[in-house]
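If you want the building blocks of each chain, they are given just below.
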Amino acid sequence: MKILVCISHVPDTTSKINFTDGDTKFDTNGVQYVINPNDEFGLTRAMWFKEKQGASVDVVNVGGAETEPTLRKALAIGADSAIRVNTPAIDGYTVAKQLAKVVNDGAYDLVIAGRESIDYNGAMVPGMLAGIIGANFVANCINLEVDGTNAKAVREIDGGKETVSTSLPLVIGGQKGLVEESDLRIPNMRGIMMARKKPLTVIEPTEANVETKVLSFEKPAPKGAVKLVDADNIDELVNLLHNEAKVI
Amino acid sequence: MSILVYTESENGKFKKAALEVVSYAKAIAEQMGTSVTAVAFNANNAEALGNYGASKVLLVKDETLKVFNAKKYAAALENAAKNEDSKVVVVSASANSKYLAPLLAVGLDAGYVSNVVAAPSSVSPFTVKHSAFTNKAFANTEITTDVKIVGLSNNSFGLVESGGNASVEDFSPSIPESGVKVESVDKATDKVSIADAEIVVSGGRGLKGPENWGMIEELAEVLGAATACSKPVSDLGWRPHGEHVGQTGKPVASNLYIAIGISGAIQHLAGINSSKVKVVINTDPEAPFFKAADYGIVGDAFEVVPKLIEKLKAFKAANA
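From first to last, the protein sequence lines are chains V and A. In this text, residue positions in the first sequence follow our numbering: the first is 1, and each later residue adds one. In this text, residue positions in the second sequence follow our numbering: the first is 1, and each later residue adds one.
A portion of the hints provided could be inaccurate.
Said to hold, decoys possible - Derived pair list, reagent style DSS-like, types lysine-lysine, alpha-carbon separation capped at 30 Å:
no., chain 1, residue 1, chain 2, residue 2
1, V, LYS246, A, LYS316
2, V, LYS246, A, LYS291
3, V, LYS246, A, LYS307
4, A, LYS187, V, LYS161
5, A, LYS276, V, LYS16
6, A, LYS307, V, LYS223
7, V, LYS161, A, LYS311
8, V, LYS152, A, LYS129
9, A, LYS208, V, LYS25
10, A, LYS66, V, LYS246
11, A, LYS129, V, LYS219
12, A, LYS291, V, LYS161
13, V, LYS16, A, LYS129
14, V, LYS246, A, LYS276
15, A, LYS316, A, LYS129
16, V, LYS213, A, LYS129
17, A, LYS311, V, LYS25
18, V, LYS223, A, LYS311
19, V, LYS213, A, LYS276
20, V, LYS223, A, LYS276
21, V, LYS152, A, LYS316
Worth flagging that the hints you see were computed from the coordinates, not collected in a lab.
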């Protein structure tokens, strides 16, 4: 089985979010970048397939050269090779279009992407990719098993989950549940050394229409101070929630 | 040219999000000088959408579509959008809407923006505001394609009753085969889901152990709320993953979010930031959650929560 894991290069979850250039650009100053958490669960599941069932695992990112350390980290975790499509990730569709070419050229059987990236949260690239290449697609995937060309997946739905049967070629939008938090791997020194020698291929982008463009960013309005209620005066909280906040 | 809207129902009954997306579509229709056409699947009271601004409802009655299938539903919507020559399609932020919207976007060559929080600031160029960086910021984004898909965040626009009437037409789109087949659905029918909940009661590590969740569940029951938890609690296996809210868990956009024994890590706050009113109960007055909350009680959850349950029961009885 040939597996491709899509890796988004995103600000660490603790990053302070600020903007520059008249609020039109994300301020990368002092920001640590990581593998998108949803993608990391998928990568770890891919490593499980590689080790238990036999599979090759490649990783791909659509972005500039600044994303290469993130791809190297994925290699250090255990992926076999990396591909970077050399174009900025402008919108969901252009990224999906680039990934579609990589998937078709590489004849991948299984594409594991994250449910969403934690920077743009669009939750659209995996579905668009599946739509473009005509593969089966499971969103919000919290469990995946593959047997030959058949696959069984569990999708998180609002208020529960559903189990589906499907087949390769398959694209999933994965998240926690594919593996547990405790299964995530911290690259060791040997992995890091080996990652330096693994292939990281840079390919030039294919043509894709930009469908959406960000004009500006804004931060939420500052919040007023918390109103503290005495622990012995719960009636006051009920009163505030009813009469002031009007939520009960 | 009408605005097309996907309205979700469950067991024939429209979800609240369906009424919200119709209300939202009506606002766009007014901006663009057109009307709203809703697409519903196996809904019992399709004409009810008229009250929220739909002029026409295309009702798909098909037993084979009783269980949601993203590819099939997307094909039906694509078919409807083409028949109606719709330039704007509105979906919600439910798991199912987010599943089908990217497929629909490819089918319609449409630009898609999800997590939209307000009516378009302009319809020409078509510009919408949506959350980004997991609710730590907003982006104003222009959709440049001829056909546009807007995914509305739950609870961000509200319901607007316009008192109109909708004509209901049977709609029989051609439905493709799908390579994804639902084998079983595991869903608690008696509990409100985090996505649909108006109120969410959430517990953290401060509750010390899974055996102490009885009072969280009781509080949720009194309020008709969904239960949720912080990441450490789900990682420790105290509560199921499906309850984990935060940056890598589920987003919450309820009217009221009550955090009990949750310190308020930045990742947690990002995930629940869209909730309108936040209450925190924590022993530590320095807990970061107090900076994000509207109301707070510094106190021991094991003393405060039972009292709160008692007071709320009395309140509910008095206001029943």
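Tested hints:
{"no.": "1", "hint": "V:LYS246 / A:LYS316", "in the structure": "holds (14 Å)"}
{"no.": "2", "hint": "V:LYS246 / A:LYS291", "in the structure": "holds (21 Å)"}
{"no.": "3", "hint": "V:LYS246 / A:LYS307", "in the structure": "holds (20 Å)"}
{"no.": "4", "hint": "A:LYS187 / V:LYS161", "in the structure": "holds (6 Å)"}
{"no.": "5", "hint": "A:LYS276 / V:LYS16", "in the structure": "holds (22 Å)"}
{"no.": "6", "hint": "A:LYS307 / V:LYS223", "in the structure": "holds (28 Å)"}
{"no.": "7", "hint": "V:LYS161 / A:LYS311", "in the structure": "violated (35 Å)"}
{"no.": "8", "hint": "V:LYS152 / A:LYS129", "in the structure": "violated (37 Å)"}
{"no.": "9", "hint": "A:LYS208 / V:LYS25", "in the structure": "violated (42 Å)"}
{"no.": "10", "hint": "A:LYS66 / V:LYS246", "in the structure": "violated (37 Å)"}
{"no.": "11", "hint": "A:LYS129 / V:LYS219", "in the structure": "holds (12 Å)"}
{"no.": "12", "hint": "A:LYS291 / V:LYS161", "in the structure": "violated (34 Å)"}
{"no.": "13", "hint": "V:LYS16 / A:LYS129", "in the structure": "holds (20 Å)"}
{"no.": "14", "hint": "V:LYS246 / A:LYS276", "in the structure": "holds (11 Å)"}
{"no.": "15", "hint": "A:LYS316 / A:LYS129", "in the structure": "violated (37 Å)"}
{"no.": "16", "hint": "V:LYS213 / A:LYS129", "in the structure": "holds (12 Å)"}
{"no.": "17", "hint": "A:LYS311 / V:LYS25", "in the structure": "violated (49 Å)"}
{"no.": "18", "hint": "V:LYS223 / A:LYS311", "in the structure": "holds (28 Å)"}
{"no.": "19", "hint": "V:LYS213 / A:LYS276", "in the structure": "holds (28 Å)"}
{"no.": "20", "hint": "V:LYS223 / A:LYS276", "in the structure": "holds (11 Å)"}
{"no.": "21", "hint": "V:LYS152 / A:LYS316", "in the structure": "violated (45 Å)"}
Comparing the model with each numbered hint stated earlier shows that hints 7, 8, 9, 10, 12, 15, 17, 21 do not hold.
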